[in-house]
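Chain order of the listed sequences is A and G. Going left to right, the first sequence walks through residues 23 to 407 as the numbering used here numbers them. Going left to right, the second sequence walks through residues 140 to 367 as the numbering used here numbers them.
If you're looking for bench data, these hints aren't it; they were derived computationally from the structure. Source: prediction; values computed, not measured. Check each hint, because a few of them may be wrong.
To be verified - Keeping only pairs whose Cα atoms sit at most 30 Å apart, straight-line, the calculated DSBU-like set for lysine-lysine is:
#1 132(A) x 262(G)
#2 131(A) x 262(G)
#3 223(A) x 236(A)
#4 262(G) x 236(A)
#5 130(A) x 262(G)
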Amino acid sequence: MITFEGVTKRYPDGTVALDDVSLECPTGRITVFVGTSGGGKTTALRTINRMVEPTGGRVLIDGGDVRERRPAELRRGIGYVIQHAGLFPHRTIEDNIATVPYLLRWNKKKARATAHELMERVGLDPSMARRYPFQLSGGQQQRVGVARALAADPPIMLMDEPFSAVDPVVRGELQDEFLRLQDELHKTIVFVTHDIDEAIKLGDRVAVFQTGGKLVQVDAPEDLLARPADDFVAGFIGHDRGIRRLSFVPASGAPLTERDVLAADAPVERAREAGDGWVLVVDGDRRPLGWAATGVLPSSGTVGDAALAPIGHTFTVESDSVRAALDAAILSPSGRAVGVDGDGRLVGVADQHDLTAAIATSGAGVAAEPADTPPAEPVKGGAGD
Amino acid sequence: MNKLWNQIDLSWTWLTASAHWHGDEGITHRLLQHLFYSFVPLLAAALIGLAFGLIAGHTGRGGFVAISLANVARAIPTLGLVLILAVVEFSIVPVLIALVALAIPPILVNTYEGVRNVDEDAKDAARGMGMTGWGVLWRAEVPMALPLILLGLRTAAIQVVATATIAAIPGYGGLGRFIVDGLARNDYQLVVGGTVLVVLLALIVQVVFAALRRLVVSPGLLGSARSS
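In isolation and in its complexed conformation, chain A is listed as follows:
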């Protein structure tokens, strides 16, 4: 556990980067520091490995003050990942990754073997081991940065906007792999970002910093979305936080029906009887084929002969959120979302009203929040600090 006790950083010119910050980053979890530029989130992160020395308060790791340890020795036990990876251009990929093992005087063979293992772990082909950073794409460099931080298997990882400098598609991949990796490794991670979506996606806990180095709220992401502490937090999250909260409502709670579902070999008359505008056509394995409009059915034959409108996308009932289900409903020609199991077989269909009902029962839809008055301009983005 990393503990901040009234940590303050005041520069000689009077600028306050951190203002009496107290917070706990639980062991084995991801704590995300998010906020506007100049909010002090990076400064806060850097007090943990003594890259910044606070002018007041203490930072403790498992109860021990970080100032009792020599900076270099402290840092070798803490993984460090930064925005542009900061790889050493003169070293090969394997030697970049083995930086801390070399500092810890491991023998070269063991250090390189570890480097190769880690390359696989972060999704890099070990055949790249002898290449140099300039030969890698930005996303690959960032993976090397993560592997390098993991090399000596530190219990703590500090990550300062590690995915901000890559394009959105690669960023999404890196985030997913990062979560998968954390599922295996259970590191205590402090992650800085200016992107609230990234914070909500990755954080077990999210700490929101405001300009002037004030910590305004620390909460689980769903609680942050449900109960922003003040206007600043609400504004920072943005206007669509209601929709975002649906990410935390499981779709399994939505009532699903099998009304208006027909097998492809059913006669068209049955589709006409359904008469609700659309019927969902499934194959013999109950895999959804498409929507048939009841108004334009062929005069005879089976519903399988009808022209089918594409489903758009389905949602997986056990694992997806209501947000995904609602999105599926909105994109569906029938206005209804198709829920499937892990194998892609139909579980049931829900329209937007059914989904709204599920939101209401989960409690996420209750609008009884005292401080729910976001300012007109959401304070979002910023280039980081």
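Chain A is already provided as a structure; the job is to place chain G on it using the hints.
Okay, now just chain G, sitting in the frame of chain A:
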């Protein structure tokens, strides 16, 4: 044109006559003297220039002073310095000092700029992973600044090799002897021959540094320089 060719032909004859290579006045001896006059100041300048360049570049302090002094030093005419110092002490020492003063600026400026311009992220990562100040300097800053540091050393070496001819003015040896003596005797064969030797030596220095660059600079740095 004919005259020039005639001159070159004469110089070639002078250069290739084996008798001119031997003895105290011979080319071999003068060449060794010249190398000595070049190497000693270069070594001294490298120690001074690298030390101050690395310190200023690494700490970010004293850079302005170091660069300003280096630029002032560049403006001093080397021959003038030799003559002034020769008033104080008439020996080879003024020549060596003048050559040191000539060699320090390129070494100092390039080392300082090389270290100072090392990627901030790489430096931050080096520190954040637990390198000490010395560790950051030796494992990150120096290897990354090496192309510029070598450039500074090469520039200094070529300048010193070319300028060491002034040792002949206060009466010492080296390849400058041929030029100075040739001018005094209107023996242009000697002047051109000596000049050609100096130029060849400078070219050899160039080749040596090119080889050194391939040997000690990481392909990771050369590659990125090529591709950018």
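Taking the hints in turn, this is what the structure says about them:
As the CA atoms of residue 132(A) and residue 262(G) are separated by approximately 25 Å, the hinted pair is consistent with the 30 Å bound. At most 30 Å may separate the alpha-carbon atoms for a hinted pair to count; residue 131(A) and residue 262(G) meet this at roughly 26 Å. Between the alpha carbons of residue 223(A) and residue 236(A) the distance comes to roughly 23 Å, so the proposed pair stays at or under 30 Å and holds. Between residue 262(G) and residue 236(A) the CA atoms are separated by roughly 29 Å; this keeps the pair inside 30 Å, and the hint holds.
Annotation: proposed proximity of residue 130(A) to residue 262(G) holds, straight-line Cα distance about 23 Å (limit 30 Å).
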